[in-house]
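Colleague: Residue numbers (our numbering), protein chains in the order written: chain A, 48 to 325; chain B, 11 to 287.
Careful, some of the hints might be misleading.
Just some of the chain A residues that point at chain B, by a computed CB distance under 10 Å [claimed, not checked]: (1) Ala76; (2) Met77; (3) Cys131; (4) Val207; (5) Leu208; (6) Arg234; (7) Leu268; (8) Tyr282; (9) Ala288; (10) Leu306.
None of these hints come from the bench; they were simulated from the model. As the structure is a prediction and not an experimental result, all values here were calculated from the model. Cβ atoms here follow ideal geometry from the backbone N, Cα and C, with glycine treated the same way.
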Amino acid sequence: MQSADLKLVLPLAALFAAFFVAPLCVLIAMSLSTDAELHGFTVAHYAKFFTDAFNYSILWSTIVLGVKATLLCLLFGYPIAWICSRAHARWQTVLLFLVILPIMTSVVVRTFSWIVILGRQGVLNQIALGLGLTSEPLRLLFTELGVVIVLAQVQMPLMVLPILTVMSRTDPNLADASRALGAGEWRTLWKVTLPLSLPGVIAGCILTYSASVTAFVTQTLIGGARLVYMPLHIYQQAIGANNWPFAAAISVIFMCAVLIVVYLLNLLTRMTPADAKS
Amino acid sequence: MRSPDLQSPGSVVDWEALSLRFVFAALTAVAIVFLIGPSLIVILTSLTASQSLRFPPSGLSFRWYLALLEADQMQRAAWTSLVVAFWTTLISAVLGTAASLAIARSGGAAAKAFDMLFMSPLLLPALAFGFAALVFIYQLGLRPSIPFLVLGHVVVCVPFVLRTTLAALTQLDPALLDASASLGAGGWMTFRRVTLPLIGRGVGAGSFLAFMASFDNVPVSLFLADERTEVLPIHLWQQIETNLDVRTAAVSGLIVVLTLLLMLLAERFAGLTRQMR
Chain A
48 MQSADLKLVL
58 PLAALFAAFF
68 VAPLCVLIAM
78 SLSTDAELHG
88 FTVAHYAKFF
98 TDAFNYSILW
108 STIVLGVKAT
118 LLCLLFGYPI
128 AWICSRAHAR
138 WQTVLLFLVI
148 LPIMTSVVVR
158 TFSWIVILGR
168 QGVLNQIALG
178 LGLTSEPLRL
188 LFTELGVVIV
198 LAQVQMPLMV
208 LPILTVMSRT
218 DPNLADASRA
228 LGAGEWRTLW
238 KVTLPLSLPG
248 VIAGCILTYS
258 ASVTAFVTQT
268 LIGGARLVYM
278 PLHIYQQAIG
288 ANNWPFAAAI
298 SVIFMCAVLI
308 VVYLLNLLTR
318 MTPADAKS
Chain B
11 MRSPDLQSPG
21 SVVDWEALSL
31 RFVFAALTAV
41 AIVFLIGPSL
51 IVILTSLTAS
61 QSLRFPPSGL
71 SFRWYLALLE
81 ADQMQRAAWT
91 SLVVAFWTTL
101 ISAVLGTAAS
111 LAIARSGGAA
121 AKAFDMLFMS
131 PLLLPALAFG
141 FAALVFIYQL
151 GLRPSIPFLV
161 LGHVVVCVPF
171 VLRTTLAALT
181 QLDPALLDAS
191 ASLGAGGWMT
201 FRRVTLPLIG
211 RGVGAGSFLA
221 FMASFDNVPV
231 SLFLADERTE
241 VLPIHLWQQI
251 ETNLDVRTAA
261 VSGLIVVLTL
271 LLMLLAERFA
281 GLTRQMR
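So that you can see chain A by itself, here it is in the shape it has in the complex (with noise of 0.2 Å):
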């Protein structure tokens, strides 16, 4: 790097330094001390995380709930990409324009809005019970279920945009040679466009994974006081029990948690036909 674009990236690399990694090690010698004062080492907080079963369940259950949010964004994302890719232009700028509007749009308005629509006298259960499909309102706030619905819809552009970018640039003449050689619709889209896509489809798994468990308003509104996950447990023994070294041992697991799964999926984009060829 020359001189003069070190000039040019050196005002955001100093903020970084001094209000990203300094923080982040501040933190990581917080879990590490017996006090908030930085006192002593010790590794109690660590050993107490991974003794308690309540805490481990409470990981366990988070990177269960952004892997089943990822697969749901999947399941709708994929085809939109797909359609989208096939549009005309005007009709593409008209799709995407709806797919970005719901993460431009607050994520505290966005949950709101499912407590309006999920709730005992909701929009959906008023939907069941007028045509008889059940006899008593559905439990679907404060479960499960609920806050991964509303995590995909919150999180289904990050999943798109990616796979969007990828099939864009993908040469559309190779389907079509597929499909000329014999091969069916599905099969092209299972032995051809599929793998050509996967680059896109690990990128926005990565980011809606990242994004869903660390979602802490959809969390807290859909799932409530008695579904803890990470976040919610952090914000709790930091903010309400004030125990700082525990908290600060917590966010350093959820981080590598985080990052150990993100780096998982990168060494398969590796591992990918359309990577091996650039």
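Assemble the complex: chain A is given as a structure, and chain B must be docked to it using the hints.
Modeller: For chain B alone, coordinates are given in the frame of chain A:
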């Protein structure tokens, strides 16, 4: 776009192709209802004439929007959010564009490392970073304040500026910069007259995303804002947690409509949907 379909030989109606299209179109249709429905429902609910959040609303009125005029605390929170989002966007746009220029121009391992560092707030749990920032500020012997809140927001919002600006820079023809330099323009002159007009839409779209992300941020504000510096999303979050009333629906309706208007403007002037691909 794409070359005309090749008819598969022997069959007049390609059932297989139709079935794939049908399944994907159906999933997309469900997803679109799923994506747009909640926003419509919140707007309709906010127009209710009654005290309850029932849908469909019983009678239409703007009474809850009028009630917002008296909601002092909410207005203060909204103002704080706007001020924080303004400074966050300004700092993110300037520092993010400068860093993007350097990263795009130099390439190499150092540029890649910087790129990864600046993008990492998107992947790391923002709530853990918010807590880390709080711990850090206390260790320095200071207390959270608006400037710290802004800096915290910049860290989590600058990736948006970086992403769209870097994308715009990769489409910039380096020959144009060489031409400008060989005609005697200095670095700043070239940036202002050549580079910026060409990447302006990318910077604009990124700044828009950064503004929305800051205005909407909860995980960082949760730790760096207190009662005096309460921001709107936190205020609304607490309202919904404790005493849900129809005024919340009215603010939500207002936010949905304003977001839609801002997005239409961003689409018109920065080609938002194209920048996000």
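Colleague: The structure should be examined with respect to each hint, and the outcome stated for every one.
Modeller: Going down the list of hints, with the structure as the test:
1. Ala76: holds (9 Å)
2. Met77: The hint holds - Met77 of chain A has a Cβ within 10 Å of chain B, the shortest such distance being about 6 Å.
3. Cys131: Cβ of Cys131 of chain A sits 8 Å from chain B, so the hint holds.
4. Val207: holds (9 Å)
5. Leu208: holds (6 Å)
6. Arg234: holds (8 Å)
7. Leu268: holds (6 Å)
8. Tyr282: holds (7 Å)
9. Ala288: violated (13 Å)
10. Leu306: holds (7 Å)
Against the hints set out earlier in the document, a violation occurs for number 9 only.
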